[in-house]
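Trainee: The chain contents come next:
2 protein chains.
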Amino acid sequence: MMDGLDWIAVDWGTSNLRAWLMAADGTILDKRSSDRGMNALSRDGFEPALLDLVGDAIGHGPVTVIVCGMAGSRQGWAEAPYRSVPSAPPRLSAATRALVHDPRLDVRILPGLKQEQPADVMRGEETQLRGIFLANPGFDGTICLPGTHTKWVQVSAREVVSFRTFMTGELYALLSANSVLRHSIGEGWDGEAFSEAVSDAMSRPGSVAAHLFGLRAEGLLRGLDGARAASRLSGLLIGLELAGARPYWLGQPIILAGASDLSRAYESALSAQGAAVERLDAEAVTLAGLVAARADMKETTT
Amino acid sequence: MMDGLDWIAVDWGTSNLRAWLMAADGTILDKRSSDRGMNALSRDGFEPALLDLVGDAIGHGPVTVIVCGMAGSRQGWAEAPYRSVPSAPPRLSAATRALVHDPRLDVRILPGLKQEQPADVMRGEETQLRGIFLANPGFDGTICLPGTHTKWVQVSAREVVSFRTFMTGELYALLSANSVLRHSIGEGWDGEAFSEAVSDAMSRPGSVAAHLFGLRAEGLLRGLDGARAASRLSGLLIGLELAGARPYWLGQPIILAGASDLSRAYESALSAQGAAVERLDAEAVTLAGLVAARADMKETTT
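Residue numbers (the numbering used here), protein chains in the order written: chain X, 1 to 302; chain H, 1001 to 1302.
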C-alpha cells in the first residue's frame, strides 16, 4: 500500500476518470486521471479501469473508494438511484456498493438528484454542491456549474430546491467540430466579440440559429477571424442560455464553479448584466464533496 | 447520344448531385443522382463525377450542362461569384464556364446571392426562387425554403429584397445523431408533441437549450417515447427559428418549398400561428429555374 493511503476519492464522468489518493489527515498523496470515462466502458470494465489507474497504490488493502458521477448511472458500474429534489446532496448512507472481484476494494457510489417537473437530472454535480456548501455554509441563492451540460441550481439552507440543465457546452462542441461552422472556428479569444454576441442572443434569442449561420457567411464574405468566430459562437450560446436561465440569476447572488476559462466567460456575461458572481474552483469543490462523504462514513462506523 | 437529348440540368449541392436529362421540348428523358456532392470531391473530381453519372447519354456531344448549387463555390468546381441583393435570380449570362477536359461538355454554373448586412449567402436557392417566380408571377411576400440551412426570403416584383438563413436542419441532424439525445430520438412522428414544442420554444426561445436536455431527462425518468422525442426536438428547433424569423412571416403570404415531410412540419407550425401558406415541390421549382436558365441561353444565341 502507498505510504499513508487511507482512501481514494473518484470523480467518474462520461468521458473522464479522476482519482485522488488521500491520507487520513486530508493530504492529497497523488492525483491521477485517465480518459476511460463511462462512455468508453462496459459494466465489467469499471473495476479493471480503476485498478489500472490506482491498483499499484492499494497494496494488500482493503481500501475505501468513494465515487461520484456517471459511474452511478444505469449504464454505469452500479446504479445509484436518483434522489428527488428538494433534497440536500445525498450522504454516504445513500451510496450504492459496487460488486467487485478484488477483495482489496470497497467501492461506494454516490447517487445523483432528479427533478420531476420540469424533468431534469444530475450526477456528480450534487457532490460539487456539497463541497460548495462546506465552503459557503450560509449561502442562499444560485449556483451555476458550467460545462457540457451546464446546471443552474437554486439552493436554500444547504438544500437543492430546483435546478435546470442547459446543453450549451455540448452544442458548442458539436457546432465547432461537426457543423459547417468548423471551417470558421479558430483558436483564441476575443472578449468584445463574445460580449456583443451574448447581448445579441439575450435581446433576440430566437435569432440565434440565424446568427450561427451568419458566422459562416461572414467567414465567406469578410474573412471573419477564427478567434472572433469562436468567441461569437460561445457568446451566442451562453447568451441564449442566460435568456432562458434569467429566473435563476436575476437579482440572485451567484456562485460559479466550472473549468476556469469557461467560468470566466460566464462571469463576464453575468457581470455585464449586473449580477454579483463569486467564482470557485470546480475540482476543489468536487474533492471537498467527496471528503465530506468520507467523513459521513467515519461518523457511522466509529 | 441518348435519343432526343438536348441539354442536362444539374443541381450540385454539398452532399448530393442530381441531374435531369432534358429534351428540347422540356420532356425529362431521365433523372439520375449520386452522393458525390461537393463535400466528397476535390476540384478535379467534378468532371469525372459528372461523366460517371451521365457520360453514357452524351454520345459524341457536345451538350450543354447548366448547374446550380455549391459546385459554384470557391471550394467547388469553378467559382461563380455571388451577386448582391436586392437582385433578381441571376440569369445564364452571369454564369461561370467550368474548365473541362472532355470537349463534349459545355458546363455553365449559375452564381448564388449574397447579402452584406446581416451577412448571408445562398447557392442553389436562387434558382429555386426563379422557378417559384415562374409558377407565381405576381407573388409578393415571403418564400421559405426549409432544409439543412433554411432560407427565409423577402421577395417583391420577382426580386430578392433580403434573406436570412437559419441552421435549424443542421442542428437537428447534429443533435439527433451526435449528442447525448441520440439515445432518446426514435423513428415516427407525433404531431401533438411537435406543436407543443413549437409553442414552448416560441413563447420562451431562451429555454430551448434546457428543453433539449429535458428530452434526455424525460427519457431517463419517464421512458419518453422515441417518436415523441424526435417530434419535440424538431418542434423546439423550428419554434426557435419561427421566433427569430417573425418579421419574415408575420402578416405575409408565404410560399414553402422543401422536402415534403419537412415542409409539412413548417406548414403546420406556421398555420398554427395563423399564417397563410402555399406549398410547392422543391425539386419541381429547382428544375423550373434551371429550365429558365436554359431558355436565357437560347434567347442570346438565336
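The set of hints was computed from the structure by calculation and includes no laboratory data. A hint or two may mislead.
[To be verified] What follows is a list of derived Cβ distance ranges for each label pair: (1) G1191(H) / R264(X): 56 to 66 Å; (2) R279(X) / E1278(H): 46 to 56 Å; (3) G188(X) / D1030(H): 44 to 54 Å; (4) R1279(H) / G223(X): 47 to 57 Å.
Built from N, CA and C at the ideal position, the CB exists for glycine as well.
Trainee: Look at each hint and say if it fits the structure.
Mentor: Hints, one by one, checked against the model:
Distance hint check for G1191(H) and R264(X): the Cβ-Cβ separation is about 44 Å, which falls outside the suggested range of 56 to 66 Å. A hinted range of 46 to 56 Å for the beta carbons of R279(X) and E1278(H) is consistent with their spacing of about 54 Å. Checked against the hint of 44 to 54 Å, the C-beta distance between G188(X) and D1030(H) comes to roughly 51 Å, which is consistent with it. Remark: the range hint 47 to 57 Å for R1279(H) to G223(X) is contradicted by a beta-carbon distance near 38 Å.
Checked against the numbered hints given earlier, this structure breaks hints 1 and 4; the rest are met.
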